[in-house]
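**Q** With the sequences and hints as input, model every part of the structure.
Protein chains: 2
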Amino acid sequence: MKKRKEIERKWVLAAPPPLDDKPFDEIRQGYLFSGAAELRVRRTGNHCFITVKREGTKAARDEWENEIPEWAFDAIWPETKGRRLRKRRYSWREGRHKLELDIYEGKLEGLIVLETEFRSTKSRDRFVLPDWAAGAIEVTEDPRFRNESLAQHGLRGLRRRLQKREKEPRPEVGVVTE
Amino acid sequence: MKKRKEIERKWVLAAPPPLDDKPFDEIRQGYLFSGAAELRVRRTGNHCFITVKREGTKAARDEWENEIPEWAFDAIWPETKGRRLRKRRYSWREGRHKLELDIYEGKLEGLIVLETEFRSTKSRDRFVLPDWAAGAIEVTEDPRFRNESLAQHGLRGLRRRLQKREKEPRPEVGVVTE
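Chains as they are written, first to last, in our numbering: chain A, 1185 to 1362; chain B, 1185 to 1362.
By construction, these hints were calculated from the structure, which means they are not laboratory data. Heads up, a few of these hints could be off.
Partner residues are not named here, just some residues of chain A that face chain B (Cβ under 8 Å, in silico) [to be verified]:
hint: 1; residue: L1216
hint: 2; residue: V1236
hint: 3; residue: R1238
hint: 4; residue: D1246
hint: 5; residue: W1248
hint: 6; residue: I1252
hint: 7; residue: P1253
hint: 8; residue: E1254
hint: 9; residue: W1255
hint: 10; residue: A1256
hint: 11; residue: I1260
hint: 12; residue: T1264
hint: 13; residue: P1314
hint: 14; residue: W1316
hint: 15; residue: A1317
For each residue, glycine too, the CB sits at the ideal point set by N, CA and C.
**A** Right, here's the structure in full:
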């Protein structure tokens, strides 16, 4: 059992960094419901989890997660139909930060998202992206890039709109506001 | 985390035994979904739980349960609307068995159910009800008396039909077959 506040930032990348033979996890996840709160099941390799999240303050959410047996995942999975996604997750440390790179598959193919968590808002605000992520567009505050929204609504032209945005002068803080 | 097979028997009682000042728990539970599998949240006193069950062989089911923080219960509860129930649960040992007596409230008021679990099917088959439960009608195999069914469909005249049945000669095994 775990309970914590998430403080994170998230960017959409134009292309992945060289991943060579970095290890990754195949992730499948589906939502029972989502909105102000969400209930999710996830399979990562041979491990399955159930997670409850709840909106908290800006960019911070309550989260509880626990491993569940595979039969329980299989029992819940059919109830998530229409609210699912698949991705490959690469995780590694770079400097003081653990980076997570999600390469989406299936209906979300082509979407590449970089995410990292912080222990404090101070550490969050100071963070500078690695050079290889040049041109990344921050989507931390954009609800359309939340996994539960991507699972339910898909991309709906989101990438095209982002690419168009990238050619225009961008605000100093890379948040997509539209 | 717990995973086990449930082997249990269940009876509807005409009246509760003398409960004097036996302790009880106020239970509220609601279902995200139910059927061949179910996902439930329950609040018992100050403790909240999430439970996954799956149909197994006759009178035995897979079950996984874990305590969740109160905020997570509160986050999930709204999603169980229309599939909820309330009851007082009295638990005590009588001989070698732990008995659980559920006195339902709200829309299920008047329903009194006695339940006990067994370690083996042998022990289950040998079990004899206490004298004070004379006239009890076994509903172990009756899906209408499952909590998830009661939560969703209510009593729908079940008690009346059971009382009528009680006046007729009953089969040797007290299963309600109709």
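**Q** Of all the hints given earlier, name the ones this structure violates by number, lowest first.
**A** 8, 12, 13, 14, 15
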